[in-house]
Each structure stands twice: as C-alpha cells, then as structure tokens.
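Residue numbers (our numbering), protein chains in the order written: chain A, 1 to 393; chain B, 1 to 393.
These are calculated hints, taken from the structure and not from any lab test.
Here the structure is a predicted model, which means the values were calculated and not measured.
According to the in silico footprint, chain A covers these stretches of chain B (three or more CB under 8 Å from chain A): (1) 72-84; (2) 92-98; (3) 104-116; (4) 241-251; (5) 367-374.
Below, computed lysine-lysine pairings styled on BS3-like, alpha-carbon distance capped at 30 Å: (6) A:Lys185 with A:Lys123; (7) A:Lys3 with B:Lys3; (8) A:Lys123 with B:Lys123.
Cβ atoms here follow ideal geometry from the backbone N, Cα and C, with glycine treated the same way.
Number of protein chains: 2
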Amino acid sequence: MTKPPRHAWVGGVGMTSFGRHVGRSLSDLGREACVDALRDAGLMPASVQAAYCGSALGASLQGETGIGQSLLWELGIHGIPVVNVENACATGATALHLAWRDVAWGVHDVVLAVGVDKSVMPKGSVLKAGTAQLETQLGDIFPGLFALIAQKHMQAHGTTVRQMAQVSVKNHEHGALNPLAQFNKRVTIEQVLESPMVADPLTLFSCCPNSDGAAAVLVCSADRLRERGAGAVRVAASVLGSGDYDPMRDLTFWESELRTVRQAYADAGLGPQDLDLAEVHDAFTISEIIHCEALGLCDRGQGGPLVASGATALGGRIPVNPSGGLQARGHPPGASGLAQVFEIVMQLRGQAARRQVDGARVGLAQIMGGSKGNDSQACAVHILVNDEAASRA
Amino acid sequence: MTKPPRHAWVGGVGMTSFGRHVGRSLSDLGREACVDALRDAGLMPASVQAAYCGSALGASLQGETGIGQSLLWELGIHGIPVVNVENACATGATALHLAWRDVAWGVHDVVLAVGVDKSVMPKGSVLKAGTAQLETQLGDIFPGLFALIAQKHMQAHGTTVRQMAQVSVKNHEHGALNPLAQFNKRVTIEQVLESPMVADPLTLFSCCPNSDGAAAVLVCSADRLRERGAGAVRVAASVLGSGDYDPMRDLTFWESELRTVRQAYADAGLGPQDLDLAEVHDAFTISEIIHCEALGLCDRGQGGPLVASGATALGGRIPVNPSGGLQARGHPPGASGLAQVFEIVMQLRGQAARRQVDGARVGLAQIMGGSKGNDSQACAVHILVNDEAASRA
Chain A
1 MTKPPRHAWV GGVGMTSFGR HVGRSLSDLG REACVDALRD AGLMPASVQA AYCGSALGAS
61 LQGETGIGQS LLWELGIHGI PVVNVENACA TGATALHLAW RDVAWGVHDV VLAVGVDKSV
121 MPKGSVLKAG TAQLETQLGD IFPGLFALIA QKHMQAHGTT VRQMAQVSVK NHEHGALNPL
181 AQFNKRVTIE QVLESPMVAD PLTLFSCCPN SDGAAAVLVC SADRLRERGA GAVRVAASVL
241 GSGDYDPMRD LTFWESELRT VRQAYADAGL GPQDLDLAEV HDAFTISEII HCEALGLCDR
301 GQGGPLVASG ATALGGRIPV NPSGGLQARG HPPGASGLAQ VFEIVMQLRG QAARRQVDGA
361 RVGLAQIMGG SKGNDSQACA VHILVNDEAA SRA
Chain B
1 MTKPPRHAWV GGVGMTSFGR HVGRSLSDLG REACVDALRD AGLMPASVQA AYCGSALGAS
61 LQGETGIGQS LLWELGIHGI PVVNVENACA TGATALHLAW RDVAWGVHDV VLAVGVDKSV
121 MPKGSVLKAG TAQLETQLGD IFPGLFALIA QKHMQAHGTT VRQMAQVSVK NHEHGALNPL
181 AQFNKRVTIE QVLESPMVAD PLTLFSCCPN SDGAAAVLVC SADRLRERGA GAVRVAASVL
241 GSGDYDPMRD LTFWESELRT VRQAYADAGL GPQDLDLAEV HDAFTISEII HCEALGLCDR
301 GQGGPLVASG ATALGGRIPV NPSGGLQARG HPPGASGLAQ VFEIVMQLRG QAARRQVDGA
361 RVGLAQIMGG SKGNDSQACA VHILVNDEAA SRA
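Let the sequences and hints guide you as you build the complete structure.
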C-alpha cells in the first residue's frame, strides 16, 4: 500500500453495552452506537458521506443481510454508498480500515464505520474456525485450536496455567471498572482454573463469552473535527493483512500478526516503547499472551511472565485491555474491533474514568479473524495518537 | 465523492458457467473465475495487492464466512488485505467498486474483485427483500414486490404483459448465444405467458432463476495492463449509492437508480446516446423495462414499447443484456455484477463471438440490491470504455 496523502482522525465514537440484548434487533443496537458516535462528533446524520457496516454473524445466525442499510435507514442516513463487510472477528476493524482509507486518500471527509452482532449460538452449534466445507468438518473449531496453541506455548516456553489464568483475572478486574462491559465481576485464579474445562488447558473462564452489542467510529478529515487540540485523536496507522497459511510453522505465533504489527509501527513512526496502552484480541487467555509478544511488549515466549508481573494491568508499565478485553467487555465479533478503538479514544482523551491510564498518548488495537492453515484469515492493527496528550501528563 | 486522481482499467476478467454446480464449493467456483481473470490479465497471483470478495448468500445459505480468504488461499494468494462484502444483488458490483476505488486513488495498482454464490434455496424458504425482522414478516418478498411494481407500471403507462414477456424472449435469445449462460434455450411469448403464475402478472419465465457461479475482475493501473490499445478497457465511472426510501414515491421507478445513473454519466462525461450496449438488472421482466427508462434509453414509461420494437435486441439500436441477463445467463447474486462487466469487456474487446455488438465502444452495467421503503438498498452503475474501439468499427 502506498502512503496516504493526508491524516485521518477519529471524529467520534459510540458503543452500546455488551452482553445479552434479548429482543433488540441488529439495527436497533447498531443505531444506538451510531447515534452516540454522531453526538460525540457533533455531526448530523446528513454529514456522513459513506458507511461500512460490519457483522460477522448477522447473516449466518440471524438471516439478516443489508444490515448497514437497515440501521442507517432507521437513523435517517440514506443515498450514500453503504457496504456490508465481514472478516470474522476482525470484521469491525475491517470496517474501520475501509473508512480510514476513504478519508486518508481524500475520497470522502466523513465516513462511518459501525459493527454489530448478536452471538447467541443455536443449541449444539459451534463457531467455525475455517471453512464449513473443509476445516470445520475436520474438527477445526476455535477452542480446540487454541487449546493446541496453549499446549504448544506451554511446552516451548514454559508458560503455566496460572499465568494464563492471570490474563482472565486481570481483564475481569478491568471489566469491573467498565460500565459497558458484559462482566463486571472479578474472578480469582482459582475460579478460572476450577471453572469447567472446555478444551485442556482452556477452562470456561479462559474463553471470551458470546455477546450482543454494537460500536461505531466516525472517521473524519481534519476540518470536520469538532474537538481539536486535547480531544483530537489521529489514526497514525491502519493495517489489514491476511495470513500466509504456512502449515509447517509452529503454532505459538501468527506470521500475519508479526507482519501487520511491523507495518503499523513503521506507518506510525512508533514502536512498542511508545505505547501507553493496547487493546488486543484475548479471545482465549493464551491469545493475549501471544499478542503481547507480537507487539514487542516483551521478548518472544515471555508473555506469561509479563502478565504475571502485573506490567499489563492498570497501573502497570503497559496496560493491556483496560476495557476488560474480549474476556470481560465481551465479544460481538462485528463490533469488537471498533469497541477496542472506542476504549483507546476514551483513554487518549482522558475520559476513561476509573480505568484511566494516566497521560495516555498512544494506543494500539490489534484483532484477528478466522483461521486457516496455520494463520489468521485477517489481522488488523490500528495505532491511535493524541498529539496533544503530553500536555496533560 | 471527490474526483479520483487517475484512471483505473480492467486488466482481466473471468467467470464460470452459471447454472447448477452440484458438489462444487464456493471456493472452488471462485477460484476458477479468479484463475481465468489472472490468465486473461497475464498476471501472477502474487501481483494481486488487495482483494474484495462478494457473496450475498454464502453465509446465510452455506454457513460460510471468510469466503475470500478461502478461495484466495486455494489460489496461492495470501498476506494481502482481503475484505468480504455483501450488498444483496449488488454484491459483486460493490466488490468491483471498492477495487476500482483502491486503484483510482492510487492505494494499490492491482486489485481483485471476485463474487460467488450458490443460490439453492432450502425447500419452503424465500429470499428476503427487506430485513428478516420487519419487512419480510410483513410479506415483503421479491416476487410479490415486483408484481406490485409491474401492476403499477401497467396502470400508469399502459405497459402490457406481452411487452414484459418480450424481455424474457429477447434475453433467452441472447442466452442461447452465450456458452456460459444457465439457459441456452429460446422461449416464445406464449411460453412466457403460459408458464406458471408466480405473482400476477409475473409468471415463472418472467423471473430470473436461482443460480450457482462466480465471476472475477482484475482492476489495474495503466502500467499493469498487458493489453493496451485495442484491448484496453477503462472504467469511466463507478458509482455506488443507496436509496432514499421515500414511502410516498410511486413504485414505477427507483430514485437511487436515477441518481446513480446521473452521477455515472457525469463522471464518464457520456450520456445514453453514447452507449453501445447495457447490462441491466433484469431480475424480473418489468425490472429491465424500468431500468431502460432510468438509463435514458427511452422516455419515462416507454420501456415496454422499447423492448417490443426490437431496439434492445442484438442487432437493434441499443442491445440490452446481450449476455442473456439475469433471466437467461442466470443470477448468483454475489457474481452477477461482475458477470455483467465480464460481458461488457468481451464486447468492447470484440471477443463476444455470436453475441458481438459491432464496433462496441461504450458499455454500461447497472445492478441493484435489496429493497427498503420504496427504493433499493444499493444501486451500482459502472461505465466501461474502449477508447480505441472506434478504429475497429
């Protein structure tokens, strides 16, 4: 990808609470997030020039298509180009990437990215990791796959079940401070380890929940920003990649993630040492440990000791998933990538209340979607910067 | 949308035959279309820098997600940004629009748009026109909606059932000349009128079939074109819009279409008098009649007499749906918009064999997706030009 000719900014963000929203439609949830984002941006619906709507499960679980058009219609937004996108768990981040692309290349000045899902699985069904026609028939479903990854990481790097459990404990602690999180209760290491075994070594509290919810981000050119100075958050990097699917690579890292993170740091002109917080894809406890390594927050294989040290907790050196992450905030896959950005924007504006990372200036959001061969089908990394935040520190 | 800084070109096109592909997967069909397009473009898989994959029904009917990644994996394309898109019947055209956008704004130089669907509907189920949660529960399914539209057009403009049937007769004649079409058999007006009634006045042969198939288009910057001069096809306009959903407007036209067509003509610097052929969204016979009016091929309300005059048949003043259209070529919704462009590119290169429109220089593809209020959820118009084709005439 060439370098974009201009900066793109986050004009506004919005999200619903995550959890169970029985009786509410995808449109209803999506509209709430969009209204919040518009209000936050100080923009009218008519300002939106294009929209990308992500839903990973709306078609397969709810039988809904045209979700973007439906929710925008209810919001009074019409006539503009609307594209519905799907990239498994990276769906929301993909919508954001396309919105960013439109603004950064000057196609439009105000573009909406919204993501929504209701993840109630029909009884007895499982979320497919690969294609329904091949991998899933071979047993490739997410908990099984990530249990293998955890076993391999334990074997290769000495990672322990207590270190993995600490990810869940930390993220539930963070979630207890987040009024929009699905779970507001703390858990202990013992509770994580003693919860029902899903796929050894992953117990129930080692896995993120299925969730309902929506999140939205308005991407704007500089002249459409209401809040400048201390409130302005710039998208310093937006990178979307897919895997190389090398079946011979060891399972303890994703090549797509290393490559995407490297590109994002290069685009932003920043490195891991510049990050004040990160939101990563903790679908399983082991995932966060590997993502911390991929982001360069610690050496390869040292993600377990890193979380055990407290460095990634609020108040630590580099807080990871201050929102509670997928583990506690919840995981409607169409929305999660945008919810990560919601959290980072709140943090960079100093509006994260009891979760505030003091003087946060740079945040990174990482999320992956799907699985194929030995890699992700989609990996998205966004780096957000508040250039003025240093003045607050 | 601002004006793009450079031209984008069609580097290559490919498609499978449309019809029933029992036992073949979405990935298998999509890969075949992509291989054809790469071969046509003279490019290797590694040249592709980004890809958009459209499937309107893959998630809801086949339970597949990440279809783009799956089919590209099988093709040896990986690492690049891949986005799965859905916009109902405009899905394939939406993938093309995004690919065009990336090239025209200089984000990438070679971008792949592919669309694929298998449309076998489960017994007793119907394709939803609006949302599953609202319109469909109120009975808003496509044949019923288009029967109302046809009735209204007959009442307002004197359109006759024989004129509508002539659309099906003409498109089946065209389809009989297209080896990739689902139906290669001619039908008579009597056969159309006497086929089983679906929703009065629309009989079975007034409705497009459900189809399986895939189509792909490679969009390139000028320097990646293998064929220049007589073989080079330029994307002169690519416009995507959504409806205004005005419930009070009369049913005999779509505001989204009028607006999108107007913008496309303006972007291309061309008008209806410049068209040598058009591929339009003849999901039902009445649809083609209304689309001809919207394109300005005749006056408002005169689409019936236009088709009856033979002007839109091969050999006529302005051939419409020389491929056979949705009626005879078939309609896998993820692929149809790209199949329209496949046909136009073949025509503009003089490679359409028995369907060739002599000296074709300018072609327009129009397609719509979904329904909401009284308009489409998505309308896409592409205008393609072979600047050198005049020398062949």
